[in-house]
Each structure stands twice: as structure tokens, then as C-alpha cells.
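Student: Each chain, letter by letter, is given below.
Protein chains: 2
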Amino acid sequence: MAGMRIASCRAEFAVPDDVAYFNTASLGPLLHVVRDAGEEALRRRAAPWTISADDWFTDIETLRALVGRLVGDDADGVAFVPATSYGFAVAALNLPVPSGSRIMVLAGEYPSGVYTWRRHAAQFGAEVLTVGREPGQSWTDAVLAGLDERVAIVSVPQVYWTDGAWVDLG
Amino acid sequence: MAGMRIASCRAEFAVPDDVAYFNTASLGPLLHVVRDAGEEALRRRAAPWTISADDWFTDIETLRALVGRLVGDDADGVAFVPATSYGFAVAALNLPVPSGSRIMVLAGEYPSGVYTWRRHAAQFGAEVLTVGREPGQSWTDAVLAGLDERVAIVSVPQVYWTDGAWVDLG
Numbered sequence: 001m002a003g004m005r006i007a008s009c010r011a012e013f014a015v016p017d018d019v020a021y022f023n024t025a026s027l028g029p030l031l032h033v034v035r036d037a038g039e040e041a042l043r044r045r046a047a048p049w050t051i052s053a054d055d056w057f058t059d060i061e062t063l064r065a066l067v068g069r070l071v072g073d074d075a076d077g078v079a080f081v082p083a084t085s086y087g088f089a090v091a092a093l094n095l096p097v098p099s100g101s102r103i104m105v106l107a108g109e110y111p112s113g114v115y116t117w118r119r120h121a122a123q124f125g126a127e128v129l130t131v132g133r134e135p136g137q138s139w140t141d142a143v144l145a146g147l148d149e150r151v152a153i154v155s156v157p158q159v160y161w162t163d164g165a166w167v168d169l170g
Numbered sequence: 171m172a173g174m175r176i177a178s179c180r181a182e183f184a185v186p187d188d189v190a191y192f193n194t195a196s197l198g199p200l201l202h203v204v205r206d207a208g209e210e211a212l213r214r215r216a217a218p219w220t221i222s223a224d225d226w227f228t229d230i231e232t233l234r235a236l237v238g239r240l241v242g243d244d245a246d247g248v249a250f251v252p253a254t255s256y257g258f259a260v261a262a263l264n265l266p267v268p269s270g271s272r273i274m275v276l277a278g279e280y281p282s283g284v285y286t287w288r289r290h291a292a293q294f295g296a297e298v299l300t301v302g303r304e305p306g307q308s309w310t311d312a313v314l315a316g317l318d319e320r321v322a323i324v325s326v327p328q329v330y331w332t333d334g335a336w337v338d339l340g
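Chains as they are written, first to last, in the working numbering: chain A, 1 to 170; chain B, 171 to 340.
It should be emphasised that the hints constitute simulated quantities derived from the structure, not laboratory data.
Quantities reported herein were computed from a predicted structural model and do not represent experimental measurements.
One thing to keep in mind: the hints can contain errors.
Distance ranges between label pairs, derived from CB positions [claimed, not checked]:
no. : chain 1 : residue 1 : chain 2 : residue 2 : range
1   : A       : Ser112    : B       : Leu233    : 52 to 62 Å
2   : A       : Trp56     : B       : Ala261    : 22 to 32 Å
3   : A       : Glu40     : B       : Arg214    : 12 to 22 Å
4   : A       : Asp141    : B       : Gly270    : 51 to 61 Å
5   : A       : Glu40     : B       : Asn193    : 44 to 54 Å
6   : B       : Asp244    : A       : Ser138    : 45 to 55 Å
7   : A       : Val19     : B       : Asn193    : 41 to 51 Å
8   : B       : Leu265    : A       : Val90     : 18 to 28 Å
9   : B       : Ala335    : A       : Thr58     : 27 to 37 Å
10  : A       : Ala41     : B       : Gly295    : 42 to 52 Å
11  : B       : Gly302    : A       : Gly132    : 58 to 68 Å
Note that CB positions come from ideal geometry on N, CA and C, so glycine has one too.
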């Protein structure tokens with residue numbers, strides 16, 4: 001079944017038949033519809049006399065609602081930022097933590113997901129707890145093993161960036 | 171002369187002959203070469219297996235050097251940020267001001283160029299000095315009239331955003 005679904009998905013992506021691309025945890029391939037949307041955005045941007053004030057907001061609100069549906073939330077739970085580091089900075093500014101508490105990150109995490117918390121920990125007298133994986137242990141189990149009442153923030157991805165390993169957030 | 175130069179520039183922009191576009195202080199028209207670069211970037215992004223680690227840095231360094239040359243500086247004096255507000259925030263974090271000092275902005279400035287300084291002023295016990303233009307007065311003269319020893323930061327654009335009026339920074 002899974003094989004069938006992958007085969008039917010392949011045609012949706014702008015990946016030629018003679019290319020097998022695996023590095024999706026770093027940089028994903030483009031869907032044809034995403035490529036088309038990019039070209040349409042360029043075409044529109046090249047004719048600024050056709051862009052009205054509403055156009056700055058309409059598409060992004062549609063996208064927020066669609067992403068919300070994808071993650072089981074509503075549009076108000078979704079914000080777009082131009083880089084992960086900016087998103088972390090905004091989150092940190094809104095998450096003061098008690099002195100002596102811990103902020104959990106995964107070992108080898110991408111720097112955007114670590115630097116903000118190092119600074120945040122220093123600012124509040126907290127510490128960064130870096131969770132590693134024992135041989136054979138899943139990231140999910142490693143995270144659960146590190147959780148206790150001292151952990152104030154858990155900052156983990158759904159998919160680990162170097163190998164695509166899954167972290168069960170559910 | 172100026173008319174001749176404008177005529178010869180027109181062909182460089184992706185603006186049809188039957189369109190006269192003036193709202194450039196808000197959203198500029200695209201040069202053909204910029205549109206082409208956008209299409210090339212999309213084409214490259216659609217083939218992530220051809221993107222190497224160097225590709226994340228090479229183009230931006232070339233661009234920093236070119237922009238530096240344009241503004242009479244070198245690449246080290248140029249940084250790209252995804253939004254004006256982020257640029258202001260980074261600048262503010264690096265510009266502590268004395269209590270009682272002033273931060274100068276222009277009346278009716280775009281919000282990105284004001285909100286950061288309001289907060290900055292509140293943080294340091296400084297104040298925002300909003301400079302308006304008297305009838306017939308240039309922005310440059312209005313700025314010079316507001317300058318005194320209390321002004322710690324002058325935050326003004328080279329071109330006023332609503333009407334394209336020039337501010338002489340030289």
C-alpha cells in the first residue's frame with residue numbers, strides 16, 4: 001500500500017524520472033503546484049500596478065487556514081516567519097521560564113533551534129538540556145526519558161533534520 | 171538629458187508600453203534582469219539535488235559586494251534582512267542610547283521605521299522626535315532643523331515612502 005501511495009505521489013513532484021532524491025529532511029523537492037505558484041507570484045510581482053492593498057493579506061490568510069487544517073488547528077494558531085531563527089526568537093520572547101528550569105533540545109539539532117534557547121537559558125538562569133539517543137532508542141523515547149518537572153520548554157522538531165527520523169509529538 | 175536617460179531606461183523594465191507606472195516609492199517595477207533572476211532561482215530550487223553547500227553563500231556574497239559598490243561601501247557594510255522591521259530590530263539592539271536623548275524619525279513614516287524606535291526610547295528613557303515638514307520646506311531642511319546635541323539616532327530614509335521625496339543623506 002505504502003509503495004502504491006509513493007508511486008502515485010511521484011507524479012506530483014517536479015523530480016525527473018531518472019532522479020531519486022532522498023535529502024528531503026534538508027531541502028524538499030518542489031511539488032509542481034508549488035513551482036507553478038512561484039511562477040505566478042513572479043508574474044504578479046512584475047506587474048505591481050495590478051496589486052491592490054488586499055493582495056498583501058488575502059493569500060496568506062488562505063494559507064494560514066490551510067496549514068491550520070493540516071496540523072489540526074485553526075488559522076489563529078499558524079504564523080509564517082521568514083526564517084526558523086525568527087520564529088524561535090518570537091517564541092522565546094513570549095516564554096519566560098523559572099530560574100533553575102530546563103529547556104530541552106535534541107543533540108545535533110540545527111543551530112536555529114539551539115542558539116535562541118542558550119541565550120534564553122542564560123537570561124533566566126535556566127539551563128539547556130541536550131537529549132541524545134542511546135543505540136536503538138527512538139528520539140521519542142529519548143525525549144520522554146528526559147522529561148521531568150524541571151523541564152519548562154521542550155523544543156523538538158517533528159522530523160530530525162539530518163536523517164528524517166520521526167519524533168512522535170502526538 | 172534626463173528625458174533621454176529615462177527613455178533608454180524604460181526598455182530595461184518589465185513594464186508594457188501602454189502602462190505608465192509611478193508608484194515606485196511603494197512597490198518598484200521589476201527590471202527584466204530581476205525577473206529573469208527570479209525565474210532562474212525558481213528553476214534551481216526545483217532541482218535541489220543540484221544545490222551544493224556553497225550555493226547558499228556565493229550569490230549573496232556577490233550581491234553584498236555589488237550593493238556595497240552602489241552605495242560607496244564594501245561588502246562588510248551590507249547585510250540583507252527579510253523585512254525592514256528585522257533590520258531595525260538588529261540595529262536597535264546594537265545602539266543603546268543615553269537617558270533623555272532623542273531618536274529622530276519623519277512624520278508619517280512607514281510603521282517599520284517607527285515602532286522599533288518607540289520601544290527603544292521607552293527602554294532607555296529616551297524620546298522619539300517626530301520631524302514634520304513646513305509648507306515649502308524640504309525633508310532635508312526639516313531634518314537639519316531638528317538636529318541638536320540631544321539627538322542620538324537619526325532614522326530617516328533616502329526616499330520618503332509615500333511620495334518619493336528625496337532626503338539628502340550626503
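Student: In this structure, is the beta-carbon distance linking Ala335(B) and Thr58(A) contained in 27 to 37 Å?
Tutor: 31 Å, holds
Student: For the range 12 to 22 Å, tell me whether the beta carbons of Glu40(A) and Arg214(B) fit it or not.
Tutor: 18 Å, holds
Student: Range hint 42 to 52 Å: satisfied by the CB atoms of Ala41(A) and Gly295(B)?
Tutor: The hinted range 42 to 52 Å holds for Ala41(A) and Gly295(B), with Cβ atoms some 44 Å apart.
Student: Range first: 18 to 28 Å. Now tell me if the beta carbons of Leu265(B) and Val90(A) are that far apart.
Tutor: Check passed, 21 Å falls within 18 to 28 Å.
Student: 44 to 54 Å was suggested as the range; check whether the CB atoms of Glu40(A) and Asn193(B) agree with it.
Tutor: 21 Å, violated
Student: Confirm or reject the claim that Trp56(A) and Ala261(B) have a C-beta distance inside 22 to 32 Å.
Tutor: For Trp56(A) and Ala261(B) the Cβ distance comes to about 24 Å; the hint holds.
Student: How does the Cβ-Cβ distance of Asp244(B) and Ser138(A) compare with 45 to 55 Å: does it lie in that range?
Tutor: 50 Å, holds
Student: Given a hinted range of 51 to 61 Å, is it respected by the beta-carbon distance of Asp141(A) and Gly270(B)?
Tutor: 57 Å, holds
Student: Hint says 58 to 68 Å; check whether the CB-CB distance for Gly302(B) and Gly132(A) agrees.
Tutor: Between Gly302(B) and Gly132(A), where Cβ atoms are some 59 Å apart, the hint holds.
Student: Measuring from beta carbon to beta carbon, are Val19(A) and Asn193(B) in 41 to 51 Å?
Tutor: 43 Å, holds
Student: 52 to 62 Å was suggested as the range; check whether the CB atoms of Ser112(A) and Leu233(B) agree with it.
Tutor: 22 Å, violated
When held up to the earlier numbered hints, the structure conflicts with 1 and 5 and fits the remainder.
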